[in-house]
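Peer 1: Following my numbering, the numbering of the sequence shown begins with 1 at its first residue and continues without gaps.
Just to be clear, a hint being listed does not mean it is correct.
[Stated by the list, open to error] List of simulated lysine to any residue pairs, SDA-like, C-alpha gap at most 20 Å: (1) K193 - P134; (2) K89 - G119; (3) K193 - S136; (4) K89 - I29; (5) K140 - R116; (6) K89 - V31; (7) K140 - L181; (8) K89 - D63; (9) K89 - A57; (10) K140 - P158; (11) K89 - A115; (12) K140 - L157; (13) K89 - V173; (14) K89 - L122; (15) K140 - F185; (16) K140 - D63; (17) K140 - V178; (18) K89 - T110; (19) K89 - L65; (20) K89 - T121; (21) K193 - R124; (22) K140 - L61; (23) K89 - V177; (24) K89 - S100; (25) K89 - F125; (26) K89 - V184; (27) K89 - V58; (28) K89 - W108; (29) K140 - V112; (30) K140 - V58; (31) K140 - T110; (32) K140 - R186; (33) K89 - V25; (34) K140 - A174; (35) K89 - S26; (36) K140 - V177; (37) K89 - S136; (38) K140 - A187.
Everything labelled a hint here was simulated from the structure, so no lab data went into it.
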Amino acid sequence: MPPPTPEVVPVRPVPLLNVANILTVSRLILVPVFLIALFTEGGQSFGWRLAATIIFAVASLTDQLDGWLARRHGLVTDFGKVADPIADKALTGAALFGLSILGELPWWVTIVIAAREIGVTLLRFWVIRYGVIPASPGGKAKTLTQIIAIGFFLAPLPAFFDVVNWVLMGLAVALTVVTGLDYVFRALRLRAKGIRARRAAS
1 MPPPTPEVVP VRPVPLLNVA NILTVSRLIL VPVFLIALFT EGGQSFGWRL AATIIFAVAS
61 LTDQLDGWLA RRHGLVTDFG KVADPIADKA LTGAALFGLS ILGELPWWVT IVIAAREIGV
121 TLLRFWVIRY GVIPASPGGK AKTLTQIIAI GFFLAPLPAF FDVVNWVLMG LAVALTVVTG
181 LDYVFRALRL RAKGIRARRA AS
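Sequences are here, hints too, so could you generate the full structure?
Peer 2: Structure follows, in structure tokens:
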């Protein structure tokens, strides 16, 4: 007598409309709202500046929350994988460019950070055929430091906080450059390893 055929339990697809994706989309929606608050009255209004800081903080918290919810409750979707990093870069980029336009942050800081983020994204596409470059602890520290530094620059704080602002931003730039170089080396190693594996298989 043949053994009974095990019952196949169908895998339920993850719905596109879930709480993690809603948080990601809400972060994208908050970007123009944040910019309006930042630029109102030339960025000099205490109330509007405080509002911009709060919006940035809330949007940054959704970045941490949506990823955690997606992993914890099995809500990972292809849309989320694409939209989440786009929302992150849109929020950070909007804040940096906004501060530079207002003349409060040197353009070279914004350009260095933006170039690193764009470069890492291009590197990932360049080596995608050989594998995925995983996020590193340094990259996570870089992101957290950037958020804190930008938050201090946005906040309507007394002038004596300027030293703190620049120390934090200096640390953020340093981590941005170091982790960017680390991604370059890891991408080159991954590509070389993939090429060797293909040659060995042929």
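Peer 1: All the hints need checking, so say for each whether the structure fits it.
Peer 2: Okay, the hints, checked on the actual structure:
1. K193 - P134: holds (15 Å)
2. K89 - G119: Judged against 20 Å, a Cα distance of about 12 Å means the pair holds.
3. K193 - S136: It holds: about 19 Å lies between the C-alpha atoms, which stays within 20 Å.
4. K89 - I29: Holds, at roughly 13 Å.
5. K140 - R116: holds (14 Å)
6. K89 - V31: Answer holds: K89 to V31 is near 10 Å, not above 20 Å.
7. K140 - L181: holds (15 Å)
8. K89 - D63: holds (11 Å)
9. K89 - A57: holds (15 Å)
10. K140 - P158: Distance ~29 Å between K140 and P158 Cα, so the pair is violated.
11. K89 - A115: holds (11 Å)
12. K140 - L157: Violated. K140 to L157 sits at ~26 Å, over the 20 Å cutoff.
13. K89 - V173: Since the Cα atoms of K89 and V173 sit roughly 15 Å apart, the hinted pair holds (cutoff 20 Å).
14. K89 - L122: Given that 20 Å is the threshold and the Cα spacing comes to 14 Å, the pair holds.
15. K140 - F185: holds (17 Å)
16. K140 - D63: holds (12 Å)
17. K140 - V178: holds (12 Å)
18. K89 - T110: holds (12 Å)
19. K89 - L65: holds (16 Å)
20. K89 - T121: Holds, at roughly 10 Å.
21. K193 - R124: holds (15 Å)
22. K140 - L61: holds (14 Å)
23. K89 - V177: Status holds; Cα separation ~16 Å.
24. K89 - S100: holds (16 Å)
25. K89 - F125: holds (16 Å)
26. K89 - V184: holds (19 Å)
27. K89 - V58: holds (15 Å)
28. K89 - W108: holds (17 Å)
29. K140 - V112: Distance ~18 Å between K140 and V112 Cα, so the pair holds.
30. K140 - V58: holds (18 Å)
31. K140 - T110: holds (19 Å)
32. K140 - R186: Within the cut-off at roughly 16 Å; holds.
33. K89 - V25: holds (13 Å)
34. K140 - A174: holds (14 Å)
35. K89 - S26: holds (14 Å)
36. K140 - V177: The given pair, whose Cα atoms are some 13 Å apart, holds under the 20 Å limit.
37. K89 - S136: holds (17 Å)
38. K140 - A187: holds (18 Å)
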